[in-house]
Every structure is written in C-alpha cells, then in structure tokens.
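Colleague: Please build the complex by placing chain B with the ligand on the supplied structure of chain A, with the hints as guidance.
So the sequences go chain by chain: A and B.
Residue numbering for the first sequence follows this note's numbering, beginning at 180 and increasing consecutively.
Residue numbering for the second sequence follows this note's numbering, beginning at 107 and increasing consecutively.
Since the hints were derived computationally from the structure, they do not count as laboratory data.
Everything numeric in this text was worked out from a predicted model, so none of it was measured.
It is possible that part of the hints are untrue.
The calculated DSS-like cross-link candidates involving lysine-lysine, where the alpha carbons are at most 27 Å apart (straight line), are [stated by the list, open to error]:
#, chain 1, residue 1, chain 2, residue 2
1, B, K350, A, K212
2, B, K156, A, K212
3, B, K523, A, K236
4, B, K469, B, K499
5, B, K433, B, K444
6, B, K156, B, K190
7, B, K441, B, K469
8, B, K210, B, K499
9, B, K357, B, K210
10, B, K433, A, K236
11, B, K190, A, K272
12, B, K415, B, K444
13, B, K210, B, K523
14, B, K190, A, K212
15, B, K210, B, K350
16, A, K272, A, K351
17, A, K351, A, K184
18, A, K236, A, K212
19, A, K212, B, K210
20, B, K499, B, K523
21, B, K433, B, K415
22, A, K212, B, K478
23, B, K109, B, K270
24, B, K114, B, K350
Selected chain B positions facing chain A (in silico; Cβ < 10 Å) [what the hints assert, rightly or not]:
#, residue
25, L132
26, P144
27, A146
28, F147
29, G233
30, F248
31, Q254
32, Q262
33, T263
34, L266
35, A364
36, G401
37, I404
38, G408
39, W508
Ideal Cβ placement from N, Cα and C applies to all residues, glycine included.
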Amino acid sequence: MALEKITRVAGRAVNVPGNDIDTDRIIPARFMKCVTFDGLGEYLFYDMRRNADGSEKAHPLNEQRHKGASILLSGVNFGCGSSREHAPQALQKYGIRAVIAEGFAEIFLGNSTTLGMPCVAAGREDIARIAAAVDRDPGTEVVIDLVGSRATFAGQSIPVSIRESARDALVKGMWDPIGELIEGAGAAGRVASGLPYMSA
Amino acid sequence: MPKTLFEKVWDAHSVRRLANGQTQLLVGTHLIHEVTSPQAFGMMRDLGLKVAMPHRTFATVDHIVPTDQVSEPYADPLADAMIKELRRSCAEFGITFFDRSTGKQGIVHIVGPEQGITQPGTTIACGDSHTSTHGAFGAIAFGIGTTQIRDVLATQTMALGRLKVRRVEVNGRLRPGVYAKDVILHIICSLGVNGGTGYAYEYAGEVFDRFSMEERMTVCNMSIEGGARAGYVNPDETTFAYLKGRPYSPKGAAWDAAVARWRAVASDAGCAYDDVVRIDAADIAPTVTWGINPGQGIPITGIVPDPAKAATVDERSSIEEALAYMKLLPGAPIKGTKIDVAFLGSCTNGRLSDFQEVARYLKGRRVAPGIKAIAVPGSQGVGLLCEELGIDKVFRDAGFEWRNAGCSMCLAMNPDKLVGDQLCASSSNRNFKGRQGSPTGRTILMSPIMVAAAAVTGSVADAREVFGVNAN
Ligand code: SF4
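The shape of chain B in the complex, shown without the other chains:
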C-alpha cells in the first residue's frame, strides 16, 4: 500500500494505543524555550520525575530576550527571572541549552534547522504553535501545551489523535515579486483560518519543488494560522543539500544511510489523501492583511472589503469588527495606508534569505521620515552571516535599526512593542488584536520585501512598483 510521509512517520513513532483511542507517540526531538517550559519543569519537580531522554531535548531563549541589550540582568526583572529559570532547569535536568553565550541562540524554529537538529522522517514537538515550521524538512512537527511538555520530558512521548492529510499543491510559476509569504497568506485566505482543523497539510507541486528550504519553512511556519496542526514538504535533494555538514547532521557513512532513509520516507506515488487542493501559482499576488486574523487578506492591488457586501451575517460582523479595530475604511485601497513601524524578522521571515533579498533592493534607499524600522535576525547565526556579508550595513545605511536575535516585535514579551494605535507593516505571522504589544496596536502582515517597500514609502506599498521588481 503506498503511504503518505505522514503515515510513515506516524507509524514508525507509534508506541501503542491508549485507552481513550489516542496514540502514544514517540517524540524524536523535543525543543523548548523559556516561556512555556518553566511550569513543565515545575510539574516534573512536583511529581519527582526525571527527564527520560535528556539528549533529545534542546533549549534556547527567544521570546523574552531584549534585542537591544545583551548583558544581564535585563531591565525587566520578569524576563531576567525567565532566562535564569531556563538555565537552571537545563543544568538540573541535563539538557543542551543554546544560551546567548554560545553564539547559537535564536528563535527556536530557526535554531533547530540551522543546527541540523531538524531532520526528515522525525517527530518533533515544541511548546510553541509555530513548530509546524520544521515540517519543511519532512518532519512531523507539533506545537504542544505545557502539560504535554511535561509528558515529553518525562516519557519522550505524548498522547495524540491521528491527523488526516490534505495535499496542497501549488503548480506553475510564481509571478515576479511574489514570495513564499504570499503563497501561505493566499492559502490561508483561500482555505480559511480554521480550514485545516484535523489535518496535516502536505505542501507540494512545482512551486514547492523549486523552493529553497527557507521558503519552505516560511510556508510551513504558518500552517497553524490556517488551522492545520502540522504542515510538511516531502524531503528531496534541496533538503539534503541544506542539511549536509550542519553541526547535528549525520557524518560519513551515517550520512549516506540517513539520506537513504530520508528518501524513502517521502510520500509514495499513488498514495491516498483525505483531501487534495490545487492552486495555480499565477493566481497568487503579493498579499497583505487588512483585518485581525491572517485569513483576512487581499492582494496589494485590492480594496478593503465592505461589510455591507458580505455574504453572511457572520462575515459581516467579523469584517465590521476588524475594520473598527484596524481603523480602515470599506472600499478604500489598502495601498497607501500610512504606517508607523516596519518590522522585519520573526520565525516566519527572519532568515538569511529574507534579509539578503531585501538588501538587494534596499541598497541606496532610505526609510521614510518618522517611520521606526527594525530588522531583527532570527538567530545569532543569521545575524553573524548577515554581518559577514555586509547586509547589516545596507539596513543600517537605509535607516533600519539592526538588532540582536530574538522574537522581538512579533509578540509583546520583550521591550519591542507598538505604542498606542501604531500601525505596523510586519513580516511576522499574527495580526491578532494586541499581538504586537499595545492593546490597540495594528498589524498588517506581508512579505519582507513588502515591509521594506512600506518602510521606504511610509505607507503600505506595492514592492513591485517601489523597487521595480518586475524588471528582474
């Protein structure tokens, strides 16, 4: 019987069936960060439990770290307590911690792949919903809650119900100026923010075949925004080339054996899916959000929807709520909307290729007067590479602040926050009310190049026009 990658990985990691019908699933790789793990370590101590396989858990610190201050203690005593608590727990339980002093710290979903810890055919769990990012390598990666972190620490397993698999195929060629971020925003807008409930998404088709690993990660990252519990791409030569030579990648004969296993884990030709969706790449435009969830998006050339034209009462009220919060007018073009802040970073778009691509166009340009623009590498490794390539200088010369690695303005757990009702052009993944730190702060999600276009013009702009992307 031909099988999907999901089925193969699931079956290989199934330990047994639990009384409630769920599966006890072996978690090959466990990643932790400072926000969701301290309570789990607390539970471990309360129950007198030991970490079952400490060599399969890796920790880093990302959410609370200030990006403009490296030395401790941090100005925020709560943040300072959290990093120290993680350090203490890792030492106590024998867990590898990519602390700031190691030069390997960063957003957990950037660090795992960068270190070669994220590998095809594995199961990965992390107390963070964007764990789906790791699916880019053909891993089945789940975001979990804190009690489940305890379960994984204590037993290296967790209880989970099997998912269905929906193949999302994107065929044809993307138009110039259209990026991976636009692909996933388009998918979420098409299938809905809860369209993926109960599913793992298998992303496939010509566009994904051509995508780099970093582009695949951008798409898998936001699977959760479409309601899918996990998302993955079948491993191929691109995957193997990325992993070769990374610190935790297999070496020598073990490498060849691993590649053979990885090849075999990809979905078989002719396997059955619970659902298949096909999208034409040519239909995807540079996409921006206008509302308060990532499914409320339109092409950059589009207009803000009018609640009066909504098809259902529900849709009408959700448009009204979103427009009231976003202070946008129905029927207005989204292009030209004034922004206050431009944020480039996060686990969605904080990798080398994101900064590299933007730097190509940003050279010789200036951030518009009055706009706060910050560029935050997703990891110390990304920051270092950018600095070696002189990319940081391009950003600095353009008037961006160049920061240290962390989650930064993606969410409000460090000093990088919106103030009042500031509007932010953001390369991150969530535009929920209050997400970026101010209860009235507003977020428009977009690709990094569109963030740069917004930064230099001071308003939501079409990067193709601003940078002449079409010419390339």
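For reference, chain A alone in the conformation it holds in the complex:
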C-alpha cells in the first residue's frame, strides 16, 4: 500500500493551552454514537467551545483569525484517557495535520501516527514562542521538519522530538501498518499454531 511519505508538515498553528487535555475533552463521548468517523470534526473540543445551548464560548478554535489552522499546540500529557481513535479522528477531520505538545499519552500518540498525523514534542518555552508568534500574526507559517527534528516559524527555529518508531513510519510512508502486517500473515499463523489456546 503506497502511502504519502510525511517528512514535513506546514501550516498555520493554533494554541489550545492546558495540561492533561483528555480524550473526553477532545471528543465528548456523547458524540461517539456513530458508525463512521465522518462527522466528528464538527464536535472537536465541543464542551470547551460551546455552552449547553450551543452558543460559542471564548476558545481559540472559535476565533475567526485561527480558522484554517492545521497545527495544534498544547501542554503536557495531551490525549490522555481513553483509547478512542475518535479523538485523533476528530482532530484530523477538523483539519489538524500535526500536534506539537509538551508530551502525549501513549495510546493517543500511536493512534495519531497510524492516521499519519505526527505528534511532536517540544519544550514549554519553545511552544510558548510559537504561540506568541501566532498570537502576533495568526498567518505565521509553522513548518515541522520531521527529518531534521526542528520546527521553524517567523524566522525562528526550535528543536522538536518525535518517537523514533513514529518518525520512521511517517517518513518512510509506512504509518499505516496494514500492508506489512498482511505480509506477515503466514508467519503469524505459524506462531499461532504453536500456542494451544489459539486453536482450542
């Protein structure tokens, strides 16, 4: 299966500050009553963005100047909580192509990588510098270079890091492992036949 080799992500950024932003906040469970992921983008961060009556609250994603941003900035332990792929799917369907945060929850990082959406870690001060540049000029282009491990914006450059296996998968265009897993089907069958519980 030929997939896009993701070596860089470029776009405008939006800062959604906060630590431990969990998957229930990214996509509240009541919007998961669906049999496809298609409409999820609409409900991204729903309860952070809207009041009970549906009217908008003050939230970066509601600001006109940040419409069309495709890189999300956030804090520590982003995406903690549930294994729901609905969370990265909601981000991606909304138009997010990469997340830069101080750190990520394990399952969220894996799920995002499989969708071809890089989760890139950076230091707090550095993220604050991007946020400040974006705040001054929402049109600022941020470029994440996955190979060189840098993010550049407004003439500045900061180091970023990405888990080695995730980088590899993204830059080689192998982020969706299904093709490789199918190739290993024969070998998997042999391992299974050595395990009594699997044949019972």
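Modeller: Frame of chain A; chain B with the ligand shown alone:
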C-alpha cells in the same frame, strides 16, 4: 536468564520485527464492543478484507445499552443503530456475539473473565483503554484504536513497541475499610497520571497475593489512569481456581496442561525489572478524588488542596482549574461534601464481590432523601448471581434503583447521565470534565463501600464511620 511474565508472553507472541522497529505481535484474544468497532468493520469492507481468525474475536454490547430498557428499538435511534450494526457485522464476519438475548452480555472487561476467555499467558486486545483489566489473570492486555482493531481483525496481529516493566509491590496488610479501589487510587496519586508512560505495571506483593481475582481486576483496570499501557498480576492458585469450570476454560487433560503452562509463565525469581516501586499497605487510606483526573485524590480524612501552597506553577494552575470545575474550596475537608447522585457499577467495580460487600453493610439502611442512587451490575451474569443471592433486594430496599447490565453512568453514551452540575459519588474510573454526561457534571471517584456511605448520608463520608467497618 530469568524473565518477567511480560517478556515471556511478548516473546511467545512476537511474529517478526517491522521496518519501523516495532514488533508484529500476535493477538491471541480479540474483544470488541459496539462503539469502536463499526468503523473498523467499515474499513474491512472498503479494503475487501476477511477476518483472519474469527474464532478468536468475541463481541458484546455495553456502552450504549440503556440499563432501564431491554426491548428494541431503543428510544435513542443512534444507540439502536449501533447495536444493530454490531449484530450485522458479527453475523457477516462469523464472530461470536454475546448479545443481550444470550444472558452473557455485559461490560466487555467483565464478560471476558466471566466466560473464561481471559486466560494467563495470552495476549488480549480490545478497542477500549480499560482492557488492562484482563492483566489480572497474567495476560498482556492492550487497549487499541479503531485502525488497530482493523489490523487485528484482518491479521490477528498488530504493530507495537515493546514496553518496559515496572514492578509495583504492595506489602503488609490493608487496614479495615481499605479496598482494592483505594490501592489503585493510591498508586495513581503516588506515581502520577502519566507516571506509567512506556511501562507495563506488574502488581505484586503480599496484598496482591491475598487479593481475589475481582480485586486484582479492579487494580489492573485503572492501570491506564496511571499512564501505563498494561498492568498484570502473576497467575497463581487464586487465578486457576477462578478459571476452573468456566465456559471457555480448558477441560479435562487440557486443563492440567494449561495450568502447567500458566504456572510457568509467571515472572521468574530474580528477573530484572526496569523499575521497582514499593508501597506499604498500611499507608493506604480510603481514597477519594477532589479534582478532574484520577491522580487528584486524597484520603477521606484529608482536605482539598490549596493552590497557593502548590510546589510548582503547573501544579498551581491544575489545582485552580480543578477546584473551579469541581466547585470545591481549598482547605475544606472533602468529607461532608454534598452529593446528588451515587453510582455503583462499571468495569472497575461492577462485579459480584462489589455488590456483595456493599450489601453486607447496606442492609437496613436507606438512601438519603433527594439522592439518586443506582446500582448497575457489570454483566447479565453478575446481575443474575446478585438476584439469586437476594442482593438486588437489599439494594432496592435501601432505595437504590437496580438496573440491567451495561456501562451506564460511567460515561455518557446511554440515558444514564448527570444533569447540570450534579455531583456524583462514583465507583467508576474517570472523573474527567463532562465524563458522566453533563458538560458541568462533577465526579468523585471512590470505592463501592464509600459510594454506599455517600448514598446513605447524602454527602462524601467515611464508610468506616458510617458502617462501623472498623468493628469487623
Ligand atoms: S464501564 Fe466505563 S470505563 Fe468500563 S468499558 Fe464501560 S465506559 Fe469504559
């Protein structure tokens, strides 16, 4: 070389190394439910793929089922569509479905063990983060995303990086009135909500040796709340006794062979761990949360933290955010906080022993006026056992609503929801903002006995005082 259980199970299920350095890991047992699988079946259809080993996938329905309505169609058309979609996919791909009509339906993490599907030395995957529950049997059990569900359906394998292993030992004796739920809340509060990143937790020590399987499940269940991808307990006689005679447990000579294998899969004496943490059981108190993640907890005798006394700026802002949401005051005792709802159930504490233990104390007591109290067995099997033992009657007589099996008020995907800023004393596992269905709803996590104490007093209470637990 002595090895940990994790290493043995991992090695036995490794198929090969993938180009990105991850391992193609064989998934022995795949469990699915209605929320995270329909999109995976959709992907299978789009790619024209078949399920590789349909006899190794088991389905049930839990998140969206109403607990007060059994007949279909459900009042909520979206929920109704989801159960029908799962039924259709299971029929199409040849997968066993513990539907409501089978009497075996329930929360996936309760059904697997109950049916004897969850076994030591196996790998288990399920599109649900609390899959770590199954580690109680000495299985390596992972919560996975929907695209990975597709991978497992199509190939019975998935791509995964190897985890490190941290041994979490709890030694000594738990004090009266302290339960498995308190043990795991204490562990999460001590090690942090992301302290387990990159690790599988091996729970061990005297407390775990003495624990029943249901208590071990309660602890393993919340491994994910501590950031660990998996958690397990080495299998022992308690494990084998639990599994003996269950529908999917091996029988006859196969049973003896299985027990021999299971014994051998436990971590070897003298094996190396990436980290070891030791906790004294006597330091663990009945624990309740005050904030908006499960690591924000204190002993029931404690006071709500003061942001002004926080050690770091980060901590300060997270305390402020939590207190603003929870509408709690810094420095106030948590005991006495008025509640609106008491919820007893979920994959953390919705098993027979949870209801049994509470019933011992609830007999002859009444839920406080104005409190909505619901008891929801985690599976039809648990419900049936409770009814045979008359436990449901104890709950009903006390003023609890006794419901049908499901996830219920653990999350907001069925009609059981908080309203407005109601405060819920809950035996579930997550107190995130909005978790229980209202964007301003508030959750305090605690053990089942503490939920009962809150229900009868109408406020967060010390079960030891309310029920005289110390006397036992
Ligand atoms: S009971 Fe709660 S945590 Fe457990 S599977 Fe259901 S929704 Fe998830």
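Colleague: Tell me, which hint numbers fail for this structure?
Modeller: Per hint list: 1, 37, 38 and 39 violated.
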